[in-house]
Amino acid sequence: MSISQNKYSFEDIIGLLSEYGLEYHPLGGQKYMAQLGEKKTKDTTIRWQKRRVLCYVTDEDYNAVVTELHEDDRLVKLDFAEKEQKAARIEIENGEQKWSNKIVAVFYGNKSLNPAQAPDYQPHCIYVYGNEVLDTLVRILARRRMKMGMTKIDAVWYGAAVLTYDACQKKLNWNLNDVLFSQKVIDTAAKDILGETIPPALVSQHAVANSNSSDVGCAYLVDGPEKTRRISYLEEFADKRTSPNLSEMKDNIVLEAGQGKVTIRELSDFVKDVYTPRMKELLGNNSLENGSEDEKLTGKKKDFDHNIILYGPPGTGKTYNSVNYAVAICEGKTFEEVEEENYEDVLDRFDDLKTKGRIAFTTFHQSYGYEEFIEGIKPVMDDDSADIGYRIEPGVFKKFCRDNSRSLVANKDSAYYVKENPRIWGMLLGGTGTSKTKRECFEQGVIRLGCSDIKDEEILTDDGDSQNRNGHFRMVYDFINTVEIGDIVFSAKTLKSIDAIGVVTGDYVFNENSIDYQRERSVKWFATDLDQDITDFLPQKRKQMARFSLFNGDEIGIDAISGILENNGIENIFSLHRENKPCVFIIDEINRGNISKIFGELITLIEDTKRAGQPEAASAILPYSGEEFSVPANVYILGTMNTADRSIQLMDTALRRRFKFREMMPDTDILRSLDIQKIEAGGTTIDIPMMLEAMNDRIAFLFDREHTIGHAFFTGLKKDSSLERLASIFEKAIIPLLQEYFYEDYQKIQLVLGDNAKADDRDKFIVDEQVKLNDLFMGNVEDIIDEKEVTYRINRDAFMNINAYKTIAKNL
Numbered sequence: 001m002s003i004s005q006n007k008y009s010f011e012d013i014i015g016l017l018s019e020y021g022l023e024y025h026p027l028g029g030q031k032y033m034a035q036l037g038e039k040k041t042k043d044t045t046i047r048w049q050k051r052r053v054l055c056y057v058t059d060e061d062y063n064a065v066v067t068e069l070h071e072d073d074r075l076v077k078l079d080f081a082e083k084e085q086k087a088a089r090i091e092i093e094n095g096e097q098k099w100s101n102k103i104v105a106v107f108y109g110n111k112s113l114n115p116a117q118a119p120d121y122q123p124h125c126i127y128v129y130g131n132e133v134l135d136t137l138v139r140i141l142a143r144r145r146m147k148m149g150m151t152k153i154d155a156v157w158y159g160a161a162v163l164t165y166d167a168c169q170k171k172l173n174w175n176l177n178d179v180l181f182s183q184k185v186i187d188t189a190a191k192d193i194l195g196e197t198i199p200p201a202l203v204s205q206h207a208v209a210n211s212n213s214s215d216v217g218c219a220y221l222v223d224g225p226e227k228t229r230r231i232s233y234l235e236e237f238a239d240k241r242t243s244p245n246l247s248e249m250k251d252n253i254v255l256e257a258g259q260g261k262v263t264i265r266e267l268s269d270f271v272k273d274v275y276t277p278r279m280k281e282l283l284g285n286n287s288l289e290n291g292s293e294d295e296k297l298t299g300k301k302k303d304f305d306h307n308i309i310l311y312g313p314p315g316t317g318k319t320y321n322s323v324n325y326a327v328a329i330c331e332g333k334t335f336e337e338v339e340e341e342n343y344e345d346v347l348d349r350f351d352d353l354k355t356k357g358r359i360a361f362t363t364f365h366q367s368y369g370y371e372e373f374i375e376g377i378k379p380v381m382d383d384d385s386a387d388i389g390y391r392i393e394p395g396v397f398k399k400f401c402r403d404n405s406r407s408l409v410a411n412k413d414s415a416y417y418v419k420e421n422p423r424i425w426g427m428l429l430g431g432t433g434t435s436k437t438k439r440e441c442f443e444q445g446v447i448r449l450g451c452s453d454i455k456d457e458e459i460l461t462d463d464g465d466s467q468n469r470n471g472h473f474r475m476v477y478d479f480i481n482t483v484e485i486g487d488i489v490f491s492a493k494t495l496k497s498i499d500a501i502g503v504v505t506g507d508y509v510f511n512e513n514s515i516d517y518q519r520e521r522s523v524k525w526f527a528t529d530l531d532q533d534i535t536d537f538l539p540q541k542r543k544q545m546a547r548f549s550l551f552n553g554d555e556i557g558i559d560a561i562s563g564i565l566e567n568n569g570i571e572n573i574f575s576l577h578r579e580n581k582p583c584v585f586i587i588d589e590i591n592r593g594n595i596s597k598i599f600g601e602l603i604t605l606i607e608d609t610k611r612a613g614q615p616e617a618a619s620a621i622l623p624y625s626g627e628e629f630s631v632p633a634n635v636y637i638l639g640t641m642n643t644a645d646r647s648i649q650l651m652d653t654a655l656r657r658r659f660k661f662r663e664m665m666p667d668t669d670i671l672r673s674l675d676i677q678k679i680e681a682g683g684t685t686i687d688i689p690m691m692l693e694a695m696n697d698r699i700a701f702l703f704d705r706e707h708t709i710g711h712a713f714f715t716g717l718k719k720d721s722s723l724e725r726l727a728s729i730f731e732k733a734i735i736p737l738l739q740e741y742f743y744e745d746y747q748k749i750q751l752v753l754g755d756n757a758k759a760d761d762r763d764k765f766i767v768d769e770q771v772k773l774n775d776l777f778m779g780n781v782e783d784i785i786d787e788k789e790v791t792y793r794i795n796r797d798a799f800m801n802i803n804a805y806k807t808i809a810k811n812l
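Number 812 marks the last residue of the sequence shown (this note's numbering); no jumps.
No lab work stands behind these hints: they were computed from the structure.
C-beta atoms are modelled at their ideal positions from N, C-alpha and C, and glycine is treated no differently.
Check the hints yourself; a few may be wrong.
[Claimed, not checked] FRET-style restraints, in silico, Cβ to Cβ:
#: 1; residue 1: Glu607; residue 2: Glu731; range: 44 to 50 Å
#: 2; residue 1: Glu440; residue 2: Glu566; range: 26 to 32 Å
#: 3; residue 1: Asp533; residue 2: Asp348; range: 25 to 31 Å
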């Protein structure tokens with residue numbers, strides 16, 4: 001490559017990136033590159049020199065990069081808008097700083113090397129071409145953010161995790177650490193980390209070795225024989241290791257950090273499971289062509305998926321965050337806006353929304369069924385006769401949907417609610433024509449029903465068969481149980497015409513002061529003294545109303561009612577519009593129930609496109625009531641599931657396909673943000689977040705990451721950071737949880753708690769003791785019992801021993 005005489009220093013390149021909001025992190029603060037000096041001819045000593053690296057950039061390349069950065073300027077605003085996205089910017093910068101400080105390996109080089117580790121290393125010198133670094137970084141970044149709304153750190157991670165290899169591992173056998181990758185493996189790793197296929201042109205060489213031997217290199221990507229691409233390592237021997245699997249690669253490659261080590265697996269898992277979902281949530285998953293102008297500038301996403309499941313191990317804040325999610329959805333805010341508020345204030349608003357019926361909560365369990373969730377036949381006992389009757393009762397979800405799918409009917413004085421799809425009842429108030437009862441109903445704002453020969457308690461033993469007592473049972477049953485607030489009432493003038501229209505506003509009341517018509521409900525009459533032929537509005541094949549008629553709202557329609565009033569010269573008495581306030585139905589432990597049994601036919605209706613009012617809206621006829629039912633578009637379903645109980649892979653496939661999932665894993669940064677850091681006793685201090693990280697790393701290795709320990713177990717230390725409080729947490733929560741995880745395999749529990757390495761039994765939470773079988777049993781039992789002669793017990797004294805916690809891991 002030809003090099004321009006214009007030289008831009010490392011600081012120049014950093015400044016250029018910073019100017020356009022693309023702050024470059026050198027991953028460990030390394031601004032110097034290691035260079036191998038000339039080998040002395042008189043001896044075999046290799047001398048090392050540190051020199052400031054200059055990034056060479058041609059004028060043409062420089063202008064191209066600047067132009068590309070200018071074109072990316074609108075995208076940069078997504079990340080660094082000072083006001084609109086302050087919280088998101090802080091989150092991004094904190095995440096970048098954390099991982100930038102942790103990873104040492106860089107796109108284009110390595111740390112200082114110990115010459116004693118590479119006695120036969122051939123001298124060479126590394127040059128970094130600034131245009132390659134910048135061009136690749138910007139192009140990956142721009143492509144990534146256009147597709148996913150992500151940030152610059154993706155490109156840095158991609159380079160650190162896939163294109164480089166830590167050149168400072170202090171291992172004697174370099175041959176075991178040499179890794180050869182095929183192009184397919186590299187592309188697979190890139191797709192796994194970034195979530196999309198990166199064009200080969202973007203996977204370019206970031207450091208060029210100036211050497212006569214193509215086999216000599218230092219932490220750089222190079223094209224090799226047989227269409228392979230390999231991540232070079234210091235002092236490569238002729239014996240090449242065969243290409244490992246991706247999973248093996250993740251475990252073997254270790255990037256050494258200032259505070260410890262991180263494997264490619266850990267890095268990849270963090271990007272895929274934590275960072276990527278978090279950034280999608282912060283910045284939205286839309287390109288610039290989508291969303292409102294406000295969303296384009298701030299990157300905030302206020303539109304939530306209709307069906308969401310928060311999943312993760314115990315104690316990771318799933319139920320806690322369901323409160324934040326529910327309030328954010330109901331108030332039209334972003335999750336981050338609510339998350340930043342005082343939780344007690346959010347909880348007060350959550351309780352208020354529950355009281356208003358906009359949030360409901362239920363918990364699934366093994367015996368939970370369709371009858372509790374949608375509708376079912378429930379037995380009811382008559383207190384007087386001790387007879388058992390049966391009635392159709394709506395389930396919690398059906399009732400929630402009914403209550404939150406309504407239209408607002410507003411008049412001059414006040415507001416009344418009409419259901420979105422109301423039942424429309426035709427009633428004879430004292431008979432056709434004019435009657436005293438009808439006039440009283442109009443004046444007092446009620447509807448009344450007689451049938452005094454039927455007692456209310458009789459309804460409990462009969463569902464009101466239409467053939468029983470000329471259908472009177474059915475009328476009484478419907479008046480008591482089926483008519484709902486928000487239903488429409490027609491007062492029949494004749495069997496083909498009506499003289500009044502109203503909306504039901506009150507529950508059923510038995511008025512003992514009335515003589516003939518004692519059953520009563522309050523009604524807001526929109527209009528009286530009408531004379532409107534109703535036959536044109538009746539369903540097909542119906543020529544007149546029955547004595548007590550029921551029509552589905554879809555068959556007549558709320559618009560038809562408005563039209564009837566307008567035809568009679570009654571205009572603007574009320575206005576109708578849907579009240580689409582979002583509401584949230586929370587299902588805790590959603591994976592513990594039998595989904596097919598609970599949801600039934602609703603598993604299809606909860607899809608976004610099948611919701612009421614959507615172009616592909618769908619409904620179902622419920623089996624017990626025979627009603628037509630659909631799920632309103634303003635109803636959000638928020639579920640939580642504990643992965644320690646059941647893996648997400650084992651969930652009902654139909655449910656998984658209809659829900660979006662957000663993983664919630666243990667996050668020790670939350671403990672640090674709550675100032676839960678150190679606990680001191682007897683002059684000894686322990687770091688709680690580091691202790692939890694150490695235990696979870698061991699659990700993930702011994703079992704899996706779905707059975708780690710959540711940070712929420714330790715949040716109680718904020719108010720009480722005493723050793724007594726920590727002892728209570730371990731004794732009542734942590735130890736029982738580990739016993740459940742490992743099925744009382746106490747050897748593994750000891751490994752998690754570090755007891756296997758503790759010299760003093762007083763510091764062990766789980767103590768193993770030798771058992772003398774001859775003392776325990778009579779006779780010779782060695783041929784019968786093959787178990788090890790060891791028993792385990794929980795050392796209760798260790799809970800109040802600060803050294804027991806201090807020795808769980810090193811450097812606590």
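Structure-based check of each hint:
no. : hint                          : verdict
1   : Glu607 <-> Glu731: 44 to 50 Å : 46 Å, holds
2   : Glu440 <-> Glu566: 26 to 32 Å : 28 Å, holds
3   : Asp533 <-> Asp348: 25 to 31 Å : 53 Å, violated
Comparing the model with each earlier hint shows a violation of hint 3 alone; every other hint is respected.
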